[in-house]
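S.K.: Residues per chain are reported as follows:
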Amino acid sequence: MDPTVIIRPEIALDDFLPIFLSSSFVLLFGVFYVGIYALVKMGTIRSFYMPAAYLFWVAQTYSMYLLSSLLSNDPFTTKVLILAMFGYLVVPHLYYHLNVRSEKRYEHSVK
Amino acid sequence: MMTTAYKSKDLATMYFIVATVLFGAQLLMGLIGAVQFLYPEFLFEIFDFSVARTVHINALVVWMLYAMIGSVYFLLPDETGIETVGIELGKLGFYVLTVAITVVVLVYVFIQIGPAAESTIWLINEGREYLEAPRWADIGIVVVVLIFVYNVYATAIKGERTGIVTVLMADLLALAGLYLAGMFFVDNISVDQFWWWWVIHLWVEATWEVFVGGLAAYGLIKMLGASRQVVEMWLWVEVAMLFGSGILGLGHHYFWIGTPEYWWEIGALFSALEPLPLVAMFVHVIYDWGKQAGKNGSNTINNRPAFAWFVMNAFGNFLGAGIWGFFHTLPQVNIYTHGTQFTNAHGHLAFFGAYATILIGMFYLNLQSKNGIERMRSTFNSKMAISLISFGVMGMTIALTVAGYGQVLVERAQMGATWDAFFISQQAQWFVQGMGWRLAMGIVTIVGFVYLAIDLLSISKVNHEKV
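Sequence order for the protein chains is B and L. Letter by letter, the first sequence follows residues 1 to 111 of our numbering. Letter by letter, the second sequence follows residues 1 to 467 of our numbering.
I should point out that these hints are in silico values taken from the structure, not numbers from a laboratory. Certain hints may be false.
Derived pair list, reagent style DSBU-like, types lysine-lysine, alpha-carbon separation capped at 35 Å [what the hints assert, rightly or not]:
{"id": "1", "chain 1": "B", "residue 1": "41", "chain 2": "L", "residue 2": "383"}
{"id": "2", "chain 1": "L", "residue 1": "91", "chain 2": "L", "residue 2": "222"}
{"id": "3", "chain 1": "L", "residue 1": "291", "chain 2": "B", "residue 2": "104"}
{"id": "4", "chain 1": "L", "residue 1": "291", "chain 2": "L", "residue 2": "222"}
{"id": "5", "chain 1": "L", "residue 1": "222", "chain 2": "B", "residue 2": "104"}
{"id": "6", "chain 1": "L", "residue 1": "461", "chain 2": "L", "residue 2": "383"}
{"id": "7", "chain 1": "L", "residue 1": "291", "chain 2": "L", "residue 2": "370"}
{"id": "8", "chain 1": "L", "residue 1": "158", "chain 2": "L", "residue 2": "91"}
{"id": "9", "chain 1": "L", "residue 1": "91", "chain 2": "L", "residue 2": "383"}
{"id": "10", "chain 1": "B", "residue 1": "79", "chain 2": "B", "residue 2": "41"}
{"id": "11", "chain 1": "L", "residue 1": "7", "chain 2": "L", "residue 2": "370"}
{"id": "12", "chain 1": "L", "residue 1": "7", "chain 2": "L", "residue 2": "91"}
{"id": "13", "chain 1": "L", "residue 1": "222", "chain 2": "B", "residue 2": "41"}
{"id": "14", "chain 1": "B", "residue 1": "104", "chain 2": "L", "residue 2": "158"}
{"id": "15", "chain 1": "L", "residue 1": "370", "chain 2": "L", "residue 2": "461"}
{"id": "16", "chain 1": "B", "residue 1": "104", "chain 2": "B", "residue 2": "41"}
{"id": "17", "chain 1": "L", "residue 1": "91", "chain 2": "L", "residue 2": "291"}
{"id": "18", "chain 1": "L", "residue 1": "291", "chain 2": "B", "residue 2": "41"}
Since the model is a prediction, treat every value here as computed from it, not as a measurement.
Can you build the whole structure from these sequences, using the hints too?
M.R.: Below is the structure:
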């Protein structure tokens, strides 16, 4: 019987804090992005702030890239994660589109 | 007790009352455990940490199940337009479940363990973390849940089937069926854990989250007068996303327990997608709130304490399940954090944020309906309850995260997760201080619970607008 081999990813001690922070920032920047986007679209804040939403998306994507680098992911996994970030970019547009369409469709419906 | 037009809502009240009592018991057990972390001699061999922890966790699961069942009995007449079918059977189920839970808790407290024989599994404890109930109680729980599922299906088939009811019908069947995965044993511990996680993960990260989506949809319609079609459209989107990411997100529990390596990729990818529906739910609540406020001004919300808890749910779900889950969900990090106070921090904020908040909101909706209140205002006690409980749980989470960070570095990264490493890290300054702050914040949470209990007993006597 072959000896048991334990494959354990090694993380440098100094990398733990940046890993936890960057992974938190992925979601925090993400929520700022969708939050500002939704508020601008709803007219609650001025469209002047829309670039800030996209800047948060850039910061979110960078955080994900940093996280992936610190975890020493293979290039394929890094590409998949960055691709997922483009998913995050598209999703609020899709949500808003769905909202507007359903609002129009059911505007006068009361139940 | 004041009765309502529907017996179903009265049955819901019975479930909510027991849920509140068990919530209090859960906090008390947590307090004892938190003291024992700092002072291990406290109640040693009288009420050991192992007992306090078991009751703390099982009381949590059970009070939430009570509140969920109560919530369904509460909303069913509104959604279907008819009285719940099989209400007497439902009452029987309630009494059987309550007696069974009482006996199980007494066994946890006074007997705990038995000989290594089949009789122990049947009568005392199955020995599976989080699902310690003995087998007789397991079977009883399945029977009670089947009665509940029958009532929901029979009512929905006879009455109107809204989108919310349809989602709940599918969800409850999955919720009940998954419990069966925790009822059998296999000799191989990895295979055993493989099935055990079906109950734990697929309940809390799939079926329970979908359930919360259903409650949020119902609440937004009831409290804000949001358009049913829009809310249900969101609900279907959330259901698709929750099941899409949550089912295979199960993989993040399979990283290091002896399952095949392909679970690394599956777990990492789908776990990374799991926060997406939580963001969707968050935006959805805020969007509907903003939209309805724009239409109706300040008169939008007809139950302020319930709505405050629903909003807290949107934030708490995102923070607790989303952020605190995501930062240790990838396999490279998970091997260091698994089973440390990091997991504990995530567990506290996620259960509170995702479930406790919205279920407490349902308590207030029930009180409003039961007492015929048109617009329920927040009282001083309501505000103190939500502020102190939220501050306390958030404080506990941060304290446990600090303790967990110390544990990850010392026990796992520097010392290689050995037996000695565990004990050395338990004595490290960061760990001990973290546990001290956890105790302090736990006391804040309990004070908040006292305000909540007083408020639930007294808020209906305050001068609200009556129907």
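S.K.: Run every hint past the structure and note whether it holds.
M.R.: Here is what the structure says about each hint:
1. B:41 with L:383: Satisfied, since the Cα-Cα distance of roughly 32 Å is no more than 35 Å.
2. L:91 with L:222: Distance of about 26 Å is within 35 Å: holds.
3. L:291 with B:104: holds, 14 Å
4. L:291 with L:222: holds, 15 Å
5. L:222 with B:104: Holds, at roughly 22 Å.
6. L:461 with L:383: holds, 16 Å
7. L:291 with L:370: holds, 29 Å
8. L:158 with L:91: Distance ~20 Å between residue 158 (chain L) and residue 91 (chain L) Cα, so the pair holds.
9. L:91 with L:383: Holds. Residue 91 (chain L) to residue 383 (chain L) sits at ~33 Å (cutoff 35 Å).
10. B:79 with B:41: Since the Cα atoms of residue 79 (chain B) and residue 41 (chain B) sit roughly 31 Å apart, the hinted pair holds (cutoff 35 Å).
11. L:7 with L:370: holds, 11 Å
12. L:7 with L:91: holds, 10 Å
13. L:222 with B:41: With a Cα-Cα distance of about 25 Å, the restraint between residue 222 (chain L) and residue 41 (chain B) holds, given a limit of 35 Å.
14. B:104 with L:158: holds, 32 Å
15. L:370 with L:461: holds, 12 Å
16. B:104 with B:41: holds, 15 Å
17. L:91 with L:291: violated, 40 Å
18. L:291 with B:41: holds, 11 Å
Comparing the model with each numbered hint stated earlier shows that hint 17 is the single one that does not hold.
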